[in-house]
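Number of protein chains: 2
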Amino acid sequence: MENITYPENKLRAFTKSVFLKMGCPNDEAEQATDVLIKADLRGIDSHGVARLTGYVRLWEAGRINATPNVKILHETPSTAVIDGDRGLGLVIAIKAMEIAMEKAKNVGTGWVSVKNSNHFGIAGYHAMLAAEKDMVGMAMTNASPLVAPTFATERMLGTNPIAVAIPTKDQPLFVADMATTTAANGKLEILQRQEKDAPEGWIQNRDGETSTNPFELKDGGALLPLGSDREHGSHKGYALGSIVDIFSAVFSGANYGPWAPPFVSFLPLAKDPVGEGLGHFLGAMRIDAFRPADEFKEHMDNWIQRFRNTKAVPGKKVLIPGDPEREAERERVISGIPLNPKVVQDLNEVAGKFDLDLL
Amino acid sequence: MENITYPENKLRAFTKSVFLKMGCPNDEAEQATDVLIKADLRGIDSHGVARLTGYVRLWEAGRINATPNVKILHETPSTAVIDGDRGLGLVIAIKAMEIAMEKAKNVGTGWVSVKNSNHFGIAGYHAMLAAEKDMVGMAMTNASPLVAPTFATERMLGTNPIAVAIPTKDQPLFVADMATTTAANGKLEILQRQEKDAPEGWIQNRDGETSTNPFELKDGGALLPLGSDREHGSHKGYALGSIVDIFSAVFSGANYGPWAPPFVSFLPLAKDPVGEGLGHFLGAMRIDAFRPADEFKEHMDNWIQRFRNTKAVPGKKVLIPGDPEREAERERVISGIPLNPKVVQDLNEVAGKFDLDLL
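As given, the protein sequences belong to chains A and B, one line each in that order. All residue numbers for the first sequence refer to our numbering, where the first residue is 1 and numbers rise by one. All residue numbers for the second sequence refer to our numbering, where the first residue is 1001 and numbers rise by one.
These aren't lab readings, by the way, just hints derived from the structure by calculation. Where a beta carbon is used, it is the ideal one built from N, C-alpha and C, also for glycine. You may find that some hints are simply not true.
Simulated crosslink set (DSSO-like; lysine-lysine; CA at most 27 Å straight-line) [claimed, not checked]:
1. B:Lys1271 - A:Lys311
2. A:Lys105 - A:Lys169
3. B:Lys1016 - B:Lys1342
4. B:Lys1342 - A:Lys105
5. B:Lys1095 - B:Lys1133
6. B:Lys1105 - B:Lys1133
7. A:Lys297 - A:Lys133
8. B:Lys1316 - A:Lys297
9. B:Lys1105 - A:Lys271
10. B:Lys1016 - B:Lys1038
11. B:Lys1038 - A:Lys271
12. A:Lys353 - A:Lys342
13. A:Lys71 - B:Lys1297
14. B:Lys1342 - B:Lys1218
15. B:Lys1133 - A:Lys218
16. A:Lys317 - B:Lys1218
17. B:Lys1218 - A:Lys218
18. B:Lys1105 - A:Lys95
19. A:Lys218 - B:Lys1317
20. A:Lys317 - B:Lys1271
Computed footprint of chain A on chain B, listed as stretches where at least three residues anywhere in the stretch have a Cβ under 8 Å from a Cβ of chain A [what the hints assert, rightly or not]:
21. 1187-1193
22. 1295-1304
Far from chain A, some chain B residues (derived; all Cβ distances over 10 Å) [said to hold, decoys possible]:
23. Ala1013
24. Thr1079
25. Met1156
26. Ser1252
27. Asn1348
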């Protein structure tokens, strides 16, 4: 079936009305909506409004608190730990980044670890909040365990993304936003819908053997860390995912590793939790804490121009992290956001439930 | 030819005497020696005393200043930029980490970017300095351009390592220390000595085609970013290497990307430098800036135990980052450090030059 394309504003209004029906305060419903819509605009369809029904189900299961009382539990001039009170990660991460930026304003950098949260959307969104304020922004989160460490047959880590956004002068922002796996789960979902095989090196079966069946995760299989196998550096992807897990959850007191709560509401929470909820880690570094901001930004422009002009193989060009997403955004703000019919159907079920106009 | 094994202390005395002959102050000669010997003990032979002749040649070429005046150029309570005055990176990075730790003591975290430096040895050494003081330690550096970004046929980045060391209670430290490439250059050097083919996915030839010839770099080839190719996430390895480059060199005012100075003295420096020398980035985060130190360390022990007990494929076990290096160290402090005869020959040439006893 063909995708159906919606103008950004229509999806924005719909999404906000759902968050309002869940009981979110108006400003927080707007923030949560913005995170999802930006994901869709930037072409990261797996993290846009397609996730909205997931949040609704978690809320119905009592796992999301629509009116959380977010608190700072502990802080120093450059750090804080915050308790998200089971709120929407989408909103909590924005608050955490605001705290990080405030600390950076005062002492150069700010670092905030968050517990008792839920899925925070695309990591890049939160990192970019800082980059717009002449700070380097960093955002990471742990997530539902889907990834097997090198040599493992068990799922121990989430796709645990790392995002880093860096300010520039005339060039567009440098925005790296990557799962620490070879392929993000969203890419696998696309293959599932298309009933196509996955490339080797993305997933393994329940016995730890390489597989190309995109449905392998439903049968005890796992995603592979960046690097795919030991010979190609999967121990590095595993280490990166572990670092994200530790900064997000051991710093804060959230659940780590296999205890991380699942995003889907039909999977049970761990019976023996080691912390509260999911964890995030947000950082902001003022560029002028290192070097005059103009000087830094001029050199970033030079960095980007030099890398963009790298000699490339015929027919290809060297991209700067963030290029494909910006390209998608440029197009979709005009032409609209294409949704899979299955996603539209799910959203219309939510509309029915909340007595809202259908999409 | 067989390796020749030396007791740690003999190599330590020899190495220190070489740094002293270069004119390093006694304490700095000891520091530089410790970084190299620890690399050998930890099994990272490519970064141990095998590099000593390289430092000597750089010093002879006037590219290393044995008595640098290391200065803080700019600082905030949580950040600093330091000018390494063309000194040994081995020593400058230790000073930079000391500054980072002092700042962490005061405001929770400390972040130091360094310019005008040289090769700093194994990144893990510097990260571990902080972990021994109940801080998470981070160390990165840019390096001689040997790596082609995704789709490139040009070498634009170094193997730009990231190290993260995390304190524990009864378990050994978590120490991740990884090049942001599929395989470190040292692994390629081992294949060159053995005249064996490299696995696919490690290197490409001058036209950007995958190659298994370990000598490809001498003919315009390049190392590949972690992920190996686009389908397996090489754009992520490229992004990670880029972030290391920017934090190390754009923050500080060092040379970045293809301008990074080569480690080997026979290659010329860039004619149009964009900064001074090589750059590093060091960070320290006090664990009790987030959570009581004991609590953090107990959960780290639990994290490590759970991951060590992950179900694994038959005959394998899941390792914790730092395990293989610690295993090597446990053995080599007793049995000694094996050196390739070619390395011994090079070191004895240095001995002759400086009128020192042969190894």
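Status of each hint after checking the structure:
1. B:Lys1271 - A:Lys311: holds, 19 Å
2. A:Lys105 - A:Lys169: holds, 20 Å
3. B:Lys1016 - B:Lys1342: holds, 20 Å
4. B:Lys1342 - A:Lys105: violated, 53 Å
5. B:Lys1095 - B:Lys1133: holds, 15 Å
6. B:Lys1105 - B:Lys1133: Holds, at about 10 Å.
7. A:Lys297 - A:Lys133: holds, 12 Å
8. B:Lys1316 - A:Lys297: Roughly 48 Å between the alpha carbons, so the hint for Lys1316 of chain B and Lys297 of chain A is violated.
9. B:Lys1105 - A:Lys271: violated, 38 Å
10. B:Lys1016 - B:Lys1038: holds, 13 Å
11. B:Lys1038 - A:Lys271: violated, 43 Å
12. A:Lys353 - A:Lys342: holds, 17 Å
13. A:Lys71 - B:Lys1297: It holds: about 23 Å lies between the C-alpha atoms, which stays within 27 Å.
14. B:Lys1342 - B:Lys1218: holds, 19 Å
15. B:Lys1133 - A:Lys218: Since the Cα atoms of Lys1133 of chain B and Lys218 of chain A sit roughly 44 Å apart, the hinted pair is violated (cutoff 27 Å).
16. A:Lys317 - B:Lys1218: holds, 24 Å
17. B:Lys1218 - A:Lys218: violated, 47 Å
18. B:Lys1105 - A:Lys95: Answer holds: Lys1105 of chain B to Lys95 of chain A is near 26 Å, not above 27 Å.
19. A:Lys218 - B:Lys1317: Satisfied, since the Cα-Cα distance of roughly 24 Å is no more than 27 Å.
20. A:Lys317 - B:Lys1271: holds, 26 Å
21. 1187-1193: This one is violated; 0 residues, fewer than the three required, reach chain A with a Cβ under 8 Å.
22. 1295-1304: Answer holds; 6 residues pass the 8 Å Cβ test.
23. Ala1013: holds, 34 Å
24. Thr1079: violated, 4 Å
25. Met1156: For Met1156 of chain B, whose nearest Cβ neighbour in chain A is about 6 Å away, the distance does not exceed 10 Å, so it is violated.
26. Ser1252: For Ser1252 of chain B, whose nearest Cβ neighbour in chain A is about 7 Å away, the distance does not exceed 10 Å, so it is violated.
27. Asn1348: holds, 35 Å
Consistency with the previously given hints fails for numbers 4, 8, 9, 11, 15, 17, 21, 24, 25, 26, ordered from lowest to highest.
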